[in-house]
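Trainee: Knowing the structure of chain A, use the given hints to seat chain B on it.
There are 2 protein chains.
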Amino acid sequence: MAAPRKVVELFYDVVSPYSWLGFEVLCRYKHVWNMELRLRPALLGGVMQGSGNKPPALVPNKFAYMSKDLSRLREYFAVPLSFPADPFEVMFKKGSLAAMRYVTAVAESGGASEADVEKVSRELWMRIWSRNEDITLATSLSEAGLKAGLPASEVEECLQLASSQKIKDKLKSATQEALDLGAFGFPLSVCHIDGKKEVFFGADRFELMAHCLGEKWLGPQPTKPTAKM
Amino acid sequence: MAAPRKVVELFYDVVSPYSWLGFEVLCRYKHVWNMELRLRPALLGGVMQGSGNKPPALVPNKFAYMSKDLSRLREYFAVPLSFPADPFEVMFKKGSLAAMRYVTAVAESGGASEADVEKVSRELWMRIWSRNEDITLATSLSEAGLKAGLPASEVEECLQLASSQKIKDKLKSATQEALDLGAFGFPLSVCHIDGKKEVFFGADRFELMAHCLGEKWLGPQPTKPTAKM
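For the protein sequence lines, the chains are A and B, in the order given. Residue numbers for the first sequence follow my numbering, beginning at 517 and rising by one. Residue numbers for the second sequence follow my numbering, beginning at 517 and rising by one.
Extracted from the complex, chain A is given alone in its bound form (with noise of 0.2 Å):
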């Protein structure tokens, strides 16, 4: 008999770096360790506001750490991260409320699957941290769902349906679920390990993560055949 699948949930904000490596480590890892990773699309301004914690990006010596150390991840991760040319701006004023709503009506939508989600997520990201691009523009969402290989179509419905009060609701829920398992930033990674949930937050914790789900950490690309063992 096979052994169960295991499930993880990832609550995540394609506002977050951090949450972004998260999120293509785990999407490696779906069948390296044989889970089935739920997709949580979650608001990290809520969290922010809602655990009363503050963004690091507003200690100096955290931010400069912070760009020295995604840096450094970008390469080991291999995640083509960069900075944007005014990341407070982003961050902070422009934010991704528009987008996480746009993330939630593509996973709400009937007629796309959740490796949709995977691609639209990875596309909103390539455009905030990667090519200094927009994500609070219909145009800019738009596009992100056209490259991800949604049909126009469908592309239309989850704009219309993302300003809907359905997925407004829907997007504060799942807001307020992370902040009940005790989120206070992204990426939080929910293993739910013989009926108990186990909560991991950050994009350091794989190895442990690991340990607890009975599984091996292979480092961040553990699909990548390795120079020698």
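Calculated from the structure, these hints are not laboratory results. Here the structure is a predicted model, which means the values were calculated and not measured. A few of these clues could be false.
Note that the list lumps identical chains together, so a pair holds whenever it fits in one copy or between two copies.
Keeping only pairs whose Cα atoms sit at most 27 Å apart, straight-line, the calculated DSS-like set for lysine-lysine is [claimed, not checked]: (1) Lys732 - Lys610; (2) Lys570 - Lys712; (3) Lys584 - Lys688; (4) Lys713 - Lys584; (5) Lys712 - Lys635; (6) Lys684 - Lys732; (7) Lys546 - Lys610; (8) Lys663 - Lys732; (9) Lys570 - Lys610; (10) Lys663 - Lys684; (11) Lys570 - Lys584; (12) Lys584 - Lys712; (13) Lys522 - Lys584; (14) Lys732 - Lys546; (15) Lys682 - Lys609; (16) Lys684 - Lys584; (17) Lys686 - Lys609; (18) Lys686 - Lys732.
Mentor: Quick look at chain B alone, frame taken from chain A:
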């Protein structure tokens, strides 16, 4: 010709549990990575104040996560961490000024070696972060010194030295050096690589540090035989 030894500095404070994890891991890797580990006792309170950072424990969700995270890491890192009965009293009211002056005195005293600094630091962590014991009174510091194997005369000399202006200034300057390196918390590891300083914060960048040092990360217990490969 043997490869030159790598130099890694570790800035730490015994009031910080993540510093303890970082300290134990780097002590275990000293020979595995053939590095000269320079222990740099400094004052976390000074770093928080100087960088404008706030202790993570002040955000309730962060504090709850920290407890859970540390209890998982305790087992995975095999470090006998245990929360003090009143962590807020211990971390924020009592603090570690006397203890870190004492460790600095041990480091500066002619009679003690680098190995003594390591042992005394570990004994202080055992007191505050394992056995719920005081680290503010002279008798507590004395006990830690004796348990670490220092002769009674050396312990006495270090206690005297700890209240001298020279040691107060030394601790201040080590703390300032950490701030100048970009610290906003501890542990802070500084790897000297090709004449450059690569700075890592926290006890969760060892895999990346190994990568930067051209070494292998073998998990937090590299010297313990693993079950099977």
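Trainee: With identical chains treated as interchangeable, where does the CA-CA distance between Lys732 and Lys610 reach 27 Å or less: within a copy, between copies, both, or neither?
Mentor: For Lys732 and Lys610, the Cα distance exceeds 27 Å both inside one copy (39 Å) and across copies (41 Å).
Trainee: Treating 27 Å as the Cα threshold, decide for Lys663 and Lys732: within, between, both or neither.
Mentor: Neither way: Lys663 and Lys732 sit 34 Å apart in one copy and 39 Å across, limit 27 Å.
Trainee: At 27 Å max between alpha carbons, let me know whether Lys570 reaches Lys584 within a copy, between copies, both or neither.
Mentor: both (20 Å within a copy, 21 Å between copies)
Trainee: State whether the alpha carbon distance between Lys522 and Lys584 is at most 27 Å within one copy, between copies, both, or neither.
Mentor: between (34 Å within a copy, 21 Å between copies)
Trainee: With 27 Å as the alpha-carbon cut-off, assign the pair Lys712 and Lys635 to within, between, both or neither.
Mentor: For Lys712 and Lys635, neither the intra-copy (29 Å) nor the inter-copy (39 Å) Cα distance is at most 27 Å.
Trainee: I want to check one pair: Lys684 and Lys584. Are their C-alpha atoms no more than 27 Å apart within a copy, between two copies, both, or neither?
Mentor: neither (35 Å within a copy, 32 Å between copies)
Trainee: Can you give me the call for Lys686 and Lys609, within, between, both or neither, at a CA distance of at most 27 Å?
Mentor: within (23 Å within a copy, 43 Å between copies)
Trainee: From the Cα coordinates, with 27 Å as the cut-off, is the pair Lys684 and Lys732 best called within, between, both, or neither?
Mentor: neither (38 Å within a copy, 47 Å between copies)
Trainee: Give the relationship of Lys570 and Lys610 under a CA distance limit of 27 Å: within one copy only, between copies only, both, or neither.
Mentor: both (17 Å within a copy, 26 Å between copies)
Trainee: For Lys570 vs Lys712, is the C-alpha pair at or below 27 Å within one copy, between two copies, both, or neither?
Mentor: For Lys570 and Lys712, neither the intra-copy (29 Å) nor the inter-copy (32 Å) Cα distance is at most 27 Å.
Trainee: How do Lys663 and Lys684 come out at 27 Å by Cα distance, when the copy is not named: within, between, both, or neither?
Mentor: Classified as within; 24 Å inside a copy, 60 Å across copies.
Trainee: Evaluate Lys584 and Lys688 at a C-alpha cut-off of 27 Å and name the case that applies: within, between, both or neither.
Mentor: Close across copies (26 Å), not inside one copy (33 Å); limit 27 Å.
In this structure, the earlier hints numbered 1, 2, 5, 6, 7, 8, 16, 18 are contradicted, and the remaining ones agree with it.
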